[in-house]
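With the hints as extra help, turn the sequences into a complete structure.
There are 2 protein chains.
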Amino acid sequence: MSDRQPPSGQGLLFLTDEQLRKGIEAMFFAYRGFTADPDRILNKYGYGRAHHRALHFISRAPGTTVNNLLSILGVTKQSLNRVLRTLIKDELVESRVGTRDKRERHLFLTDKGAVLEQELSNAQRERMRQAYREAGPEAVQGFRTVLEAMMDPDLQRHFTRMKESAND
Amino acid sequence: MSDRQPPSGQGLLFLTDEQLRKGIEAMFFAYRGFTADPDRILNKYGYGRAHHRALHFISRAPGTTVNNLLSILGVTKQSLNRVLRTLIKDELVESRVGTRDKRERHLFLTDKGAVLEQELSNAQRERMRQAYREAGPEAVQGFRTVLEAMMDPDLQRHFTRMKESAND
DNA sequence: GTTTTATGTCAGTGTTGTTGACTTTCCAAG
DNA sequence: CTTGGAAAGTCAACAACACTGACATAAAAC
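In order, the protein sequence lines correspond to chains A and B.
Positions 1 to 168 (this note's numbering) are the ones given, in order, by the first sequence.
Positions 1 to 168 (this note's numbering) are the ones given, in order, by the second sequence.
Please note that the accuracy of each hint is not assured.
[Claimed, not checked] Under the rule of at most 25 angstroms between Cα atoms (straight-line distance), these lysine-lysine pairs were calculated in the PhoX-like manner:
1. A:K22 / B:K112
2. B:K89 / B:K77
3. A:K77 / A:K102
4. B:K22 / A:K112
5. B:K77 / B:K102
6. A:K102 / A:K89
7. A:K22 / B:K22
8. A:K89 / A:K44
9. A:K112 / A:K89
Because the hints were derived from the structure by calculation, they are not lab data.
Now the structure itself:
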């Protein structure tokens, strides 16, 4: 959009390959920490990360369709279906035929599903809260800004849409 | 951007579950973007993310031992060995018997390995550079701070050690 | 000389992703 | 009303990458 001449003064960014590499490694190690707690919990119940992701986004947008979920998660329907099947079988997720369009399935968490989602969510939020606390408010703002800029444009669209739907 | 809970005073953080959830989702989507470019390149050559990680850390610390690499990557030796075997067979990595301790193997990139590492590294750095540019210098600082706080303590140790080894 | 460490290997298993082919259901346009 | 195509689900096969467990070898450490 705006030109590449960085805003004058302190806006000038001198980015050495070394600094960028630090960012890359920080991202790698942080993501490991980020998923560590939920992974432990999931393991307890015999589920994996894919189940967590499904639970998360169904919890976030109850009644979402399978197709919508597919585009958010960015996997094939076969891959998602395998996960959904077990979640439905285990009565964590309910699949309701659409009223307007009966081909669509709307997905909801059952009470049991909501309990697990909460357990996972609490653990991950606690980690995030701790990190935010250590880093301070300005750092949090910067964190979010950089992450958003790192997303693929269409994923950013998903993210932004959800951001609007629940006032930030 | 509109802060719902104005941070009263200065260091006090009011963190709603919603704000934390945004952070969690941002992390999820950003990581996808973060790995997208290298994944495409790796796919071209028939390698995967595990190969990328090995190449990265061998490039970062030439002569590192297998055991050291294991503790950085946090996988089993069987898992790492499968990756290293193909990299050595394809002459991207060289394994030299240790001089001081002949049980150890020291790992180095060959010229060919360095070329691929560069290709991967350049793509990922370009993404990171772009994100940093869009976000601005203060955001970059915050980004790094939060990520560091999110790591597991022992991973943070690895990260910090590497940070020192090449002055940040 | 026994034990421990570092590395490598074989075999089996599980999760999560992929393609490709096929069916059923159902909306909507001709 | 027929038909084209979208949405959803299923089956089969396969690959990447993680895991466990067992075992082998060489060399350092005690």
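- Below or equal to 25 angstroms on CA atoms is what counts here, so check K22 (chain B) against K112 (chain A). 24 angstroms, holds
- Item | Given hint K22 (chain B) paired with K22 (chain A) - CA-CA distance at most 25 angstroms | 24 angstroms, holds
- 25 angstroms Cα cutoff - pair K102 (chain A), K89 (chain A): 21 angstroms, holds
- Under the criterion that the straight-line Cα-Cα distance not exceed 25 angstroms, is the pair K89 (chain A), K44 (chain A) satisfied? Holds - the C-alpha atoms of K44 (chain A) and K89 (chain A) are around 18 angstroms apart, at most 25 angstroms.
- Message: Does K112 (chain B) sit within 25 angstroms of K22 (chain A), going by the straight-line distance between their CA atoms?
- Response: Between K22 (chain A) and K112 (chain B) the Cα gap is close to 24 angstroms, so the pair holds against 25 angstroms.
- Does K89 (chain B) pair with K77 (chain B) here, judged by a C-alpha cut-off of 25 angstroms? 17 angstroms, holds
- Decide if the proposed pair is consistent with the structure: K77 (chain B) and K102 (chain B), CA atoms, cutoff 25 angstroms inclusive. 18 angstroms, holds
- Item | Pair hint outcome, K112 (chain A) versus K89 (chain A) [Cα-Cα no greater than 25 angstroms] | Between K112 (chain A) and K89 (chain A) the Cα gap is close to 12 angstroms, so the pair holds against 25 angstroms.
- Query: Holds or violated: are the alpha carbons of K77 (chain A) and K102 (chain A) at most 25 angstroms from each other?
  - Reply: With Cα atoms ~18 angstroms apart, K77 (chain A) and K102 (chain A) stay inside 25 angstroms; holds.
Going through the hint list in order, the structure satisfies each hint without exception.
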